[in-house]
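Student: Chain by chain, the residues:
2 protein chains.
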Amino acid sequence: MATFPLAPGSTIGVLGGGQLGRMLAMAAARLGFDVVVLTPEADSGAGRVATRTLVAGYDDEKALRALAKVADVVTFEFENVPAGVVEALERLGAAVAPGAKALAVSQDRVEEKRFLNACRAPTVDFAAIDSAADIAAGLDRLGAPALLKTRREGYDGKGQTWVESHADAIAAFARIGGVPAILEARAEFARELSVIAARGRDGAVATYPLGENHHENGILRRTRAPAVVSPNVHEQAEAIAARILTGLDYVGVAGVELFEFDDGRLLVNEIAPRVHNSGHWTLDGCEVDQFEQHIRAIAGWPLGPAHALAQVDMENLIGADIDRWPALIGEADARLWLYGKSETREGRKMGHINRLRPLKRG
Amino acid sequence: MATFPLAPGSTIGVLGGGQLGRMLAMAAARLGFDVVVLTPEADSGAGRVATRTLVAGYDDEKALRALAKVADVVTFEFENVPAGVVEALERLGAAVAPGAKALAVSQDRVEEKRFLNACRAPTVDFAAIDSAADIAAGLDRLGAPALLKTRREGYDGKGQTWVESHADAIAAFARIGGVPAILEARAEFARELSVIAARGRDGAVATYPLGENHHENGILRRTRAPAVVSPNVHEQAEAIAARILTGLDYVGVAGVELFEFDDGRLLVNEIAPRVHNSGHWTLDGCEVDQFEQHIRAIAGWPLGPAHALAQVDMENLIGADIDRWPALIGEADARLWLYGKSETREGRKMGHINRLRPLKRG
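Sequence lines, in order, name chains A and B.
The opening position of the first sequence corresponds to residue 1 in the working numbering, with each subsequent residue numbered one higher.
The opening position of the second sequence corresponds to residue 1 in the working numbering, with each subsequent residue numbered one higher.
Next comes chain A alone, as it looks inside the complex (with noise of 0.2 angstroms):
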């Protein structure tokens, strides 16, 4: 097993080869780590990066020995590594950050509810569902309409549904494979906040100012940060995510999605344990980004600083967003940022421009 805090020239495992295990492997490179990414893809962009890839699936229990002989410590760019994988890794004597407690509750929407709730991270009212019947039994007490998604799996808006009525309950528990599910009650939220914040090994926690968050389709589209916030939302989201963090003994960073009442309330949507989307403003923002402390946490490292020095509206590039490089390169005060996919696909994200103006004092 590692000893901590890891040494430069340590390697550090990266399951996925996104563009969140790209730029993780840009950020450990420059504190001088070598990485390694198991990715099932043959051409990655994190591949293209990182100092060896193993391409091979994420079960394949020869990779996961070769990447466990190699690295310090393993992490990962998406929730949804199997448990097997976490465990077959530890057993082979790779420690992984963060740990198997942080995956088990954000992979199931159930228990990562129960588990905000027990740790006074509020959310809105909900019902596990197994059934159609307990549709119907949710929309009594929760109200119509409400969104049903599946317990497991989904993202960028797959995998859930409304469900209008209760005539709609059949159809509905049909639309998303009848599979076990969670019904949520409707949040009149005003906004979609974010907060990033790391844990580190020694349990400090450093949290990035809030982002407020725009989708499209499903997607997210635009973050702007620090966003425009009452002392009282900022102090509330702070304590909520160190109580979550803490709550799962938590070593990296993670993100967590907010909704805004117009009262100033926050309640939590999802956690997503891992660097995010919603944080890459922070790549422009801040002295260290959320990658390289999400590499410092799992490392041992101290945390660094989380403060804001820019104004960041980060737009994500999606598709054939693409195309508009020769316009985005020319843009000043805007740092573009390319994730070396091959392939451009609708809905793929190719890539995010940050434009920075000033900071807001306030």
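The set of hints was computed from the structure by calculation and includes no laboratory data.
Predicted model only: the values in this text are computed from it and were never measured.
Positions of the beta carbon are idealized from the N, C-alpha and C atoms, including for glycine.
Do not rely on the hints blindly, as some may be mistaken.
Derived coverage of chain A by chain B (criterion: at least 3 residues anywhere in the stretch with Cβ under 8 angstroms from a Cβ of chain B; other residues may be distant) [claimed, not checked]:
no. : region
1   : 321-327
2   : 338-349
Here are a few chain B residues that sit away from chain A, every Cβ distance over 12 angstroms (derived from the structure) [as the list claims (entries may be wrong)]:
no. : residue
3   : D168
4   : D333
5   : S342
Dock chain B against the given chain A, drawing on the hints supplied.
Tutor: Okay, now just chain B, sitting in the frame of chain A:
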């Protein structure tokens, strides 16, 4: 031949596997380029973050052919690239930037000084040396002591010696190996400054604020930037840099080392036709650092802004300095860059740290 501006997904070739190549590769990746590094080192710092590494000598015809085949533009991290290598790459259809002229001029200290003086970039007086007799004649004109340097190669204080008197001429010539040399008048300068400048394919020039450099044992130890200089010195440096880059029809980033005299006069010490150690402060002190600026220039992208956003004290971590990492990782307002070199050697640049302070206005 490539068409400019290069589209994201294009490939940039880098000759050299050290820290400059590494940071160039990281900057290129951020902008969505693939990077192929050619280096004789099997386990190089740059190769660790590149998409692909060709391990071969720089004059290996097969490797050059492979590089020219995949790279849309080829650049280098060191100025001693043999002219034949550039010719071979160009013959094989690869664009090389900065070009053959910049290399030819900067590889020969006599040619360099002749070029500089021809484009009104003043230098110390000098004499071309082919024999001990030339040294004696040179001392008559330049005075003693004078500095004898090999015309070609030599860096970090290597390949040079002071000639104390006429009596020392024969021994001094022997000390540098009896090769073609330059004798330079002693410069009683007050400070060593440097200016990092970029020129785009459109001929635009962007100049970073000056850095003040401190050497130990012939190796750069610290750069403070922006250096506190008079407006006159700032203007001289900008004009000199622009004349040099335009005179060389340069594409990319160059470092220009300067001597500042008590009366505010500047002389050019030498040109480095590449990103430069004294420009590492830009990594954390500017919106667009010298590495991204170089990639932008050679890719035919518009240059980015070059003004300072912070005051930076850059300290090189040389040899055993790297053993101070447990303290360095916890420093507030300091950004660490480590080079992924597996072996620590005396005098070897292992990394650097940028210590940040708010910008001094004035």
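Student: Each hint: holds or not?
Tutor: Results of checking the hints against the structure:
1. Beta-carbon proximity to chain B at under 8 angstroms applies to 3 residues in the region 321-327 of chain A; the threshold of 3 is reached and the given coverage holds.
2. Beta-carbon proximity to chain B at under 8 angstroms applies to 4 residues in the region 338-349 of chain A; the threshold of 3 is reached and the given coverage holds.
3. A cut-off of 12 angstroms between C-beta atoms confirms that D168 of chain B is not in contact with chain A; the least separation is 44 angstroms.
4. Distance check for D333 of chain B against chain A: the nearest CB is about 7 angstroms away, which does not clear 12 angstroms, and the non-interface claim fails.
5. At the 12 angstroms boundary, the C-beta of S342 of chain B falls inside the reach of chain A, the nearest C-beta of that chain being 7 angstroms off.
When the structure is compared with the earlier hints, violations turn up for hints 4 and 5 and for no others.
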